[in-house]
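Enquirer: One-letter residues, chain by chain:
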Amino acid sequence: MTEHSTDTPTDTPTDTATPHREGERITGAQALIRALEMEGVDTMFGYPGGCILPAYDPLLESSIRHVLVRHEQGAGHMAEGYAHVTGRPGVAMVTSGPAATNLVTPLMDAYMDSIPMVAITGQVPTAAIGSDAFQECDTVGITRSCTKHNELVMTSQGLPMAIRQAFHIATTGRPGPTLVDVPKDVLVNEMEWYWPTDEEVLASLPGYRPNMKGHPRMIKEAAKLILQAERPVIYAGGGILKARGAEALAELVELTGIHVVTTLMARGAFPDDHELNLGMPGMHGNATAVTAMQRADLLIALGSRFDDRITGKVDAFAQQAKVIHVDIDPAEQGKVRKPDVPIVGDARLVIEEIIAEIRTLLADGGTQADTGPWKSKVSGWQEQFPMTYEQSQPGAALKPQYCIEQLRDLAPERTIVASGVGQHQMFASQYWHFNEPYTWVNSGGLGTMGFSIPAAIGAKAAMPDRTVWAIDGDGCFQMTAQELVTATLEHLPIKVALLNNSYLGMVRQWQEMFYDERYSSVFLDSAALPDFVMMAESMGCAAIRVESPEEVAPAIEKANSINDRPVVVEFRTEAAEGVFPMVPAGHSNDDVILHPTQQDRKENLK
Amino acid sequence: MSRVRDYGSNTYPQGDFNHHILSVLVQNRPGVLARVAGLFARRGYNIFSLAVAPAEDEGRSRITIVVDLDSAPLEQITKQLFKLIDVIKISELDPTHSVERELMITTVRAAGATRGEVQTLTQIFEGKILAVSEDNLTLSLEGHPDKLDDFEELLDPYGIVELQRTGRVALPKLDRGARLRAAN
Numbered sequence: 003m004t005e006h007s008t009d010t011p012t013d014t015p016t017d018t019a020t021p022h023r024e025g026e027r028i029t030g031a032q033a034l035i036r037a038l039e040m041e042g043v044d045t046m047f048g049y050p051g052g053c054i055l056p057a058y059d060p061l062l063e064s065s066i067r068h069v070l071v072r073h074e075q076g077a078g079h080m081a082e083g084y085a086h087v088t089g090r091p092g093v094a095m096v097t098s099g100p101a102a103t104n105l106v107t108p109l110m111d112a113y114m115d116s117i118p119m120v121a122i123t124g125q126v127p128t129a130a131i132g133s134d135a136f137q138e139c140d141t142v143g144i145t146r147s148c149t150k151h152n153e154l155v156m157t158s159q160g161l162p163m164a165i166r167q168a169f170h171i172a173t174t175g176r177p178g179p180t181l182v183d184v185p186k187d188v189l190v191n192e193m194e195w196y197w198p199t200d201e202e203v204l205a206s207l208p209g210y211r212p213n214m215k216g217h218p219r220m221i222k223e224a225a226k227l228i229l230q231a232e233r234p235v236i237y238a239g240g241g242i243l244k245a246r247g248a249e250a251l252a253e254l255v256e257l258t259g260i261h262v263v264t265t266l267m268a269r270g271a272f273p274d275d276h277e278l279n280l281g282m283p284g285m286h287g288n289a290t291a292v293t294a295m296q297r298a299d300l301l302i303a304l305g306s307r308f309d310d311r312i313t314g315k316v317d318a319f320a321q322q323a324k325v326i327h328v329d330i331d332p333a334e335q336g337k338v339r340k341p342d343v344p345i346v347g348d349a350r351l352v353i354e355e356i357i358a359e360i361r362t363l364l365a366d367g368g369t370q371a372d373t374g375p376w377k378s379k380v381s382g383w384q385e386q387f388p389m390t391y392e393q394s395q396p397g398a399a400l401k402p403q404y405c406i407e408q409l410r411d412l413a414p415e416r417t418i419v420a421s422g423v424g425q426h427q428m429f430a431s432q433y434w435h436f437n438e439p440y441t442w443v444n445s446g447g448l449g450t451m452g453f454s455i456p457a458a459i460g461a462k463a464a465m466p467d468r469t470v471w472a473i474d475g476d477g478c479f480q481m482t483a484q485e486l487v488t489a490t491l492e493h494l495p496i497k498v499a500l501l502n503n504s505y506l507g508m509v510r511q512w513q514e515m516f517y518d519e520r521y522s523s524v525f526l527d528s529a530a531l532p533d534f535v536m537m538a539e540s541m542g543c544a545a546i547r548v549e550s551p552e553e554v555a556p557a558i559e560k561a562n563s564i565n566d567r568p569v570v571v572e573f574r575t576e577a578a579e580g581v582f583p584m585v586p587a588g589h590s591n592d593d594v595i596l597h598p599t600q601q602d603r604k605e606n607l608k
Numbered sequence: 002m003s004r005v006r007d008y009g010s011n012t013y014p015q016g017d018f019n020h021h022i023l024s025v026l027v028q029n030r031p032g033v034l035a036r037v038a039g040l041f042a043r044r045g046y047n048i049f050s051l052a053v054a055p056a057e058d059e060g061r062s063r064i065t066i067v068v069d070l071d072s073a074p075l076e077q078i079t080k081q082l083f084k085l086i087d088v089i090k091i092s093e094l095d096p097t098h099s100v101e102r103e104l105m106i107t108t109v110r111a112a113g114a115t116r117g118e119v120q121t122l123t124q125i126f127e128g129k130i131l132a133v134s135e136d137n138l139t140l141s142l143e144g145h146p147d148k149l150d151d152f153e154e155l156l157d158p159y160g161i162v163e164l165q166r167t168g169r170v171a172l173p174k175l176d177r178g179a180r181l182r183a184a185n
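Residue numbers (this note's numbering), protein chains in the order written: chain P, 3 to 608; chain Y, 2 to 185.
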């Protein structure tokens, strides 16, 4: 969890920060900013206001880059985007009251997707707490259920410890967001500087000791089951990425030759180009990935949590499969599906231990069961049920899948993709080829519309040398587009692929399929309003509108060549296009609805 | 009304509900009770009773929670609880291997002829009379929660005006066998 990405962000953390004198008298605000520097923060995202004002003054002398956003929600999602691509905690700092409540959505988003993030909120002075003061709200109360932990700091002297605890909790065990609420007088008052040692931090958190190493007996049991299985599937989740475990996973796959499915949160954890990668499972997963899990005799769940979007109807999910469940969060064991072999631990460490155990068993003369018949069955499904769509008729609107394929094929090496939520998100996950970890940034658990633009900006701030594409829909775009001003002014030139079908596409698809095509409040009319090109240009972006297939590649190439400002490419896409395959909510994965051109062969998915 | 229980020993029936007792040691910090209660509310678990007070170590409190098991598997409740940073230790107390106590105070109608009956009942249960008025008696009873249930049931026909119970507190029963073995 503490390992950093191999990528080097521009500003290296100030790990060589000048040692500060113990007992030096400084203000709480100075101590706060100094503590953030000591934690290695190089970039933070925020928005000042009344109660947090004192903290913005020492920022002027700080090594920390502060990205001034246009809405506090943007600051939160930027911090998430930063954390997604670096593995280091993203930091957002905002004021009290409405600013804190605007941060609730990103906090919940980070909580659901286990993103390390530290939020600093201003609070009214301690004497005014509880008096319904101007811009007062019960921030710790409001955010209690959407943070891993939060704390209201009542004394200036308590600030360094609170910040250390917040970073420790956010980044260890199952990562997540933490929040430190700081009253104005705590920032203004003086304190005697000190920096708690690791031991002091641990001693202050006697109830918090995440289990990292798996239980040896369970590891042995898992290795045995893996070698015995005739139809095994590795069900890789976001925990692989959080644990920096992609290499370990690849080693396990090479050793055992077992197929892998990568969930929406794990895209990139195993290369899509690898022949054993079946792609994304779940509600909009491809037919082979969904069916392989259904028919497996062993599911090796690594950092995945049996989300309802994966299992479909739980009772009908992978009924013949034994389950090995590796998760660092004990509460995930048995929450949805009772595992045969529960292993609580860090995904990377546990995979490495399982690999060692399998090697031992093989060296002692053990053999792996014959998976040959299963593999030919799986490749039969792959041949018959590839991801597919029909190209648009001449003169008709663009197919979103086509746009994404073109974006993918023309993307510079190591491009990072951030997406919003809806059809465009599913198309992006289905059609992009993720071959490297930490190149996919999305809102999986909470499904936060408007995530992509700020998240992409956060990713770009962390990785300025990489191309960052935000794939967005016209609904999402209108929720957070104002952050493009931030992108322009802060020189964070992201690229936005706006798939404009004038509809809330996913909701439209559900109304089409499950509500007899009775379309209710889903038509956004975004072909008419707003003028996205004009809107993007007004925010300092280059903007291109694309309406026909032959314009797609040139527009993308042009966008890829512009690096001095953000670019928005608006693709006018087909409204009637649906995302397939699809498992209707609450149904068994056996009921998967294939693309209309494949549905007549569905019998072969047995 | 016809149930007979032996309150003198610790082996009387556990009661007819599907409840479990969790003894939760927490850091005594602002908001810790809100965290625990909020978790139960958010995950849809029912709290049957709850008692909180400082524990033996400074800076720690013990929360005794009786949970309604029909609402969720106990294992999931304890795991979710343990994710709270301020929670240090959780013990599930098996009713057959723990000692439980609860306190009840109640005001009961006891005018005229019934006064003597209420008094007798209180004596049988080894309760106390805390206050007296023309029409009412305020009684207190400390003991096993089941004993309090029975007392409450027997008082009911007289007319309970007000009633307050503390919620149960519990600790594991001492294992004399183990101590003897250790001593030998």
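Quick caveat, the hints were computed from the structure, so don't treat them as lab data. Remember, predicted model here, so these are calculated numbers, not experimental data. Hints may be right or wrong, so weigh each one.
Stated by the list, open to error - Simulated restraints on C-beta separations:
no., chain 1, residue 1, chain 2, residue 2, range
1, P, Thr128, Y, Ala38, 53 to 63 Å
2, Y, Leu172, P, Asp366, 46 to 56 Å
3, Y, Ala35, P, Thr128, 49 to 59 Å
Claimed, not checked - If you want the footprint, here are the derived chain P segments under chain Y, 3+ residues with CB under 8 Å:
no., region
4, 141 to 148
5, 203 to 216
6, 434 to 444
Ideal placement from N, C-alpha and C gives every residue a C-beta, glycine not left out.
Enquirer: Give a verdict on every hint.
Expert: Here is how each hint holds up against the structure:
| no. | hint | result |
| --- | --- | --- |
| 1 | Thr128(P) <-> Ala38(Y): 53 to 63 Å | violated, 24 Å |
| 2 | Leu172(Y) <-> Asp366(P): 46 to 56 Å | holds, 49 Å |
| 3 | Ala35(Y) <-> Thr128(P): 49 to 59 Å | violated, 19 Å |
| 4 | 141 to 148 | holds (count 4) |
| 5 | 203 to 216 | holds (count 4) |
| 6 | 434 to 444 | violated (count 0) |
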